[in-house]
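Engineer: Use the sequences and the hints to build the structure in full.
As given, the protein sequences belong to chains P and B, one line each in that order.
So the first sequence is residues 1 to 616, counted in the numbering used here.
So the second sequence is residues 1 to 616, counted in the numbering used here.
Heads up, a few of these hints could be off.
[Unchecked claim] No farther apart than 30 Å at their CA atoms in a straight line, the calculated lysine-lysine pairs in the DSSO-like style are these: (1) P:LYS327 with B:LYS557; (2) B:LYS11 with P:LYS430; (3) B:LYS425 with P:LYS425; (4) B:LYS430 with B:LYS406; (5) B:LYS11 with B:LYS96.
[Stated by the list, open to error] Selected chain B positions facing chain P (in silico; Cβ < 8 Å): (6) THR66; (7) GLN154; (8) LEU507; (9) ALA537; (10) ARG579.
[What the hints assert, rightly or not] In silico contact screen, one side only, chain P against chain B (beta carbon under 7 Å); selected entries: (11) VAL87; (12) ILE90; (13) VAL333; (14) SER381; (15) ASN386; (16) ASP449; (17) ALA464; (18) PRO552; (19) LYS553; (20) HIS556; (21) LYS557; (22) ILE574; (23) VAL578.
Keep in mind the hints are simulated off the structure, nothing from the lab.
The beta carbon of each residue, even a glycine, is placed where N, CA and C say it ideally should be.
Protein chains: 2
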Amino acid sequence: MNKPVIQKPIKVENSPIPGSRKVYETGVRFPDIRVPFREVALHESANEPPVTIYDSSGPYTDENFTPDIEKGLPRLREQWIVDRGDVEYIEAREVKPEDNGNVSEGALAPQFPNLPKVIRATGTKSVTQYEYARAGIITAEMEYVAIRENLRRQELGRTEAAGVIRDGEDFGAEIPDYVTPEFVRSEIARGRAIIPANINHPEVEPMIIGRNFLVKINANIGNSAVTSSMEEEVEKMVWAIRWGADNVMDLSTGRNIHNIREWIIRNSPAPIGTVPIYQALEKVNGVAEDLTWEVYRDTLIEQAQQGVDYFTIHAGVRLAYVHLTAKRVTGIVSRGGSIMAKWCLAHHKENFLYTHFEEICDIMRAYDVSFSLGDGLRPGSIADANDAAQFAELETLGELTQIAWKKGCQVMIEGPGHVPMHKIKANMDKQLKTCGEAPFYTLGPLTTDIAPGYDHITSGIGAAMIGWFGTSMLCYVTPKEHLGLPNRDDVKTGVITYKISAHAADLAKGHPGAQAWDDAMSRARFEFRWQDQFNLALDPETARAFHDETLPKEAHKTAHFCSMCGPKFCSMKISQEVRDYSAALTDNERADIENGMADMSQKFRALGSEIDVPAE
Amino acid sequence: MNKPVIQKPIKVENSPIPGSRKVYETGVRFPDIRVPFREVALHESANEPPVTIYDSSGPYTDENFTPDIEKGLPRLREQWIVDRGDVEYIEAREVKPEDNGNVSEGALAPQFPNLPKVIRATGTKSVTQYEYARAGIITAEMEYVAIRENLRRQELGRTEAAGVIRDGEDFGAEIPDYVTPEFVRSEIARGRAIIPANINHPEVEPMIIGRNFLVKINANIGNSAVTSSMEEEVEKMVWAIRWGADNVMDLSTGRNIHNIREWIIRNSPAPIGTVPIYQALEKVNGVAEDLTWEVYRDTLIEQAQQGVDYFTIHAGVRLAYVHLTAKRVTGIVSRGGSIMAKWCLAHHKENFLYTHFEEICDIMRAYDVSFSLGDGLRPGSIADANDAAQFAELETLGELTQIAWKKGCQVMIEGPGHVPMHKIKANMDKQLKTCGEAPFYTLGPLTTDIAPGYDHITSGIGAAMIGWFGTSMLCYVTPKEHLGLPNRDDVKTGVITYKISAHAADLAKGHPGAQAWDDAMSRARFEFRWQDQFNLALDPETARAFHDETLPKEAHKTAHFCSMCGPKFCSMKISQEVRDYSAALTDNERADIENGMADMSQKFRALGSEIDVPAE
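Structural biologist: See below:
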């Protein structure tokens, strides 16, 4: 294979998040575990401990880390995996010209220069987290995610008081006050959670997807035949995790798929998902009818050996369901679903992903690639939501989940799509029932079709709701949905929007660690700690920039007002006065007021003027 | 009074919405009624009638209209009002220097040059829509809104088939298939809906706010002491209604309040709301303790005579409730609420808005100013949602609603604020019960506190949900919330976000006219009518710009793909093939397929290649 060189150095954003410091928590069972968090120190006047925030951004935001994209990230899981004694180094499948779309020499994306040795399970062993969990084994990955989910609440000594706020409606979820490694194990063993972590992706910082954990989000990147390059996709991946993407799917469909993917995986601390049928289709020159099980199988192995953490597999698009979509307003909108539907019809045969499902399981278990059972028949419009085609496929996904578990694989289930608000809960309820509580992973759903250019919002609404109802991971939608390939700004907007949806869902579910972040922000607001407000914001840069548009001076960072209301009309200022007044009351005085007996106006007036109002 | 001149000509955006045509529907009972709609004609290949969209933008988007800001809009309701024979022209209250904050001569905003004569009810008559409705009278305003709500569904001959889609969960609302003037009257008479339309705002295009009508949105504009000018505020008003604001609140708190308001009202086809306490406070130099009933009363009359359509009145902030906020994380966050709380404590007296409530009603009924009973104790953080202070005030608002109705006034109730998703429905249910089904008008609610810079989204989620549950009007939140005064871009983003929330709510409630818009968009998507997709978008300019970023050529406007997936991977294209195939089947063939008896692959392949894929 020829070896083109990189035309320009790949530059990724690797500054720390403004106002945050990277900190690490070590493991107890596995002392070499170092779980990253983002810590926001507050102004000393707050007299509060720093706020710990879940950190998906990887080492890139660590000021002590210097990224080397051509070398890739440290392979932190390598030793854990080898120590389990059930894998072997193997001869990697050789890269073939068609893996990169038979691209001509000049157009070939460079191969990643520091390839790891490929491993797989010894013999027919299953090396999945599911299999370990079933066997009662707590892995390093399990302890890692347990620490990660707790957000250092115990360590900060807020165990009883501020640390655990249980106020929510969880619709039958079973979220514990604190996550233990044993709880993680038991959730995985029950199929209710997965840790997507291919043994060939040792760079991954383990994360867990399940209804009883924090709601996660996925960002899609990937080039298409029309636009985008390898450098852009690596940059987008780093950019997406910086703002909060827990997982990243590489949905590339153009040429150079194999090589681009290698660069992404080697540099990604987040699990990487793909839809292998996209590459398989490229290998048969885009002719769906020419797809074969052999081409697909070879693609699964190719990608499993590269380290892809989960595969979207549209095995539920059965021949008999395809005609159910004919009368739909928008037919089949899943790319993978439509490819398989076309194949089924062209051959008038059952979907080969369905007929070969057990063989697929055998590949998945040998590398611990998680299933993301694709919803190829998801609705693409409000009109088609919750129809016969969609729910027929969901039933099949439930059957396949059972088979995958029997084979020792980790499974999650993909969901819609476009669904009006009143039909969202039915999706969640049906998925839980049909798929044995396997984690649900939904795209949006979009709650209306009328706003192209704003589908991060139409879908962010549905995502928050279905997250509350029980979806474990939300696949983001960017403002470019339905219109074009998202750029860097769109990726950020999509990620921030979905972090909002996921966090709103955590709050509503009553996740015990969620509200601490909101409360820290609210106290900072009430006390006019502007710098703390910026630092605590999901997007500190935008928060500060918006504030500074009208009040740019440093002095305004301690001002007891903003330009929205100006100093005289600031309610926070006035209610601070109310609070001071109330605090200054004796118990007797308070009782007298409640009984309408006392006139405390003098006392209040005496206090009222103490609040500092800086001159304009 | 001195008369400064306008420094620069005020320029408002008055181009038609791209791809839309302004059309008017005339009245039956009142033949001079002309109800505006926005009509989107579709490509001839669609073979569909044009889509009619609710149009809040006023004459500015009519290509036959030339705005003259110094003259103001046509006074279309003037004759209707005079014809009712219950009003008289009066000597207007004289404008006083303090009305404009005693601003120095050089800094005074110019007076509006074409002031209308002021009218009020003759004697002690009530001239409210509520009073007419109670008396069994159908007004021109009532027929106007009836026509407006129906979106020309009858006229287009889609009465039975496509025109009425009843699929939703309305939580006990009683939305009719078609809105008749009599239905409007009966809803207003029951207090379940209001038409905010001051008799001194004859420029207003009547609109209705109520649970059994389309969900409306309000945009806030207004200068503050720190920033913004009169010209900017008029431009913002026109800009806000252009993108879909049904109502506009002028929340100015700086100087020149009186003059700025006059310019806004005279040029606004949308109802204008204010919070009179803001101006009253300016008149006493910002010292809350110095507020008096007399100053406030005079301000109500001043604004009622200018034509303000609804007043936010914080009469529910009772002395006994104030101390309930002392332990809150964010105290009192309503500006009006905090002013009244401060007044109550400083004087240790009951809120004068509460003690003088019947006198306030007498002013409101004489001009038909609607009440917007303010939620001065709404929560300002997730931590404070649904607390004792909030719900105590809501009970009082329920009492006041009954008094206002007895006095013949129109009433709506303001609601929160910051509320996590699981606590939203309790707000709606409690409001309906406590306030006799008077329309609910909520700010957001924001579903999390962690995202300053994105609070249009944190709140758009809550707004969609509470709209679904029964809120009649949603007060927008812009990206600048908590950070500064919104600019033009922020206003647009806030309005579009809230149109999404409102429409998503209409869909989920099963509003019979709502889904037609989504379906038209979805069909355009499926058939690759890009131009139709742009034209049907809530924001046609952004939709087109996003598409053109990667595929700018005119030829791409008919391409059967976009840059997101490229031509080979376009699922819409493939599923069109599936549909063509299915349509080409005979009944026997279809039955054979369902029974697994037929191999139709030849037939499918023959059709599969017919779809046109333009070269890249």
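Engineer: Give a verdict on every hint.
Structural biologist: Results of checking the hints against the structure:
no. : hint                   : in the structure
1   : P:LYS327 with B:LYS557 : 25 Å, holds
2   : B:LYS11 with P:LYS430  : 55 Å, violated
3   : B:LYS425 with P:LYS425 : 15 Å, holds
4   : B:LYS430 with B:LYS406 : 22 Å, holds
5   : B:LYS11 with B:LYS96   : 28 Å, holds
6   : THR66                  : 30 Å, violated
7   : GLN154                 : 22 Å, violated
8   : LEU507                 : 4 Å, holds
9   : ALA537                 : 5 Å, holds
10  : ARG579                 : 5 Å, holds
11  : VAL87                  : 35 Å, violated
12  : ILE90                  : 32 Å, violated
13  : VAL333                 : 5 Å, holds
14  : SER381                 : 4 Å, holds
15  : ASN386                 : 10 Å, violated
16  : ASP449                 : 4 Å, holds
17  : ALA464                 : 5 Å, holds
18  : PRO552                 : 10 Å, violated
19  : LYS553                 : 12 Å, violated
20  : HIS556                 : 10 Å, violated
21  : LYS557                 : 12 Å, violated
22  : ILE574                 : 4 Å, holds
23  : VAL578                 : 6 Å, holds
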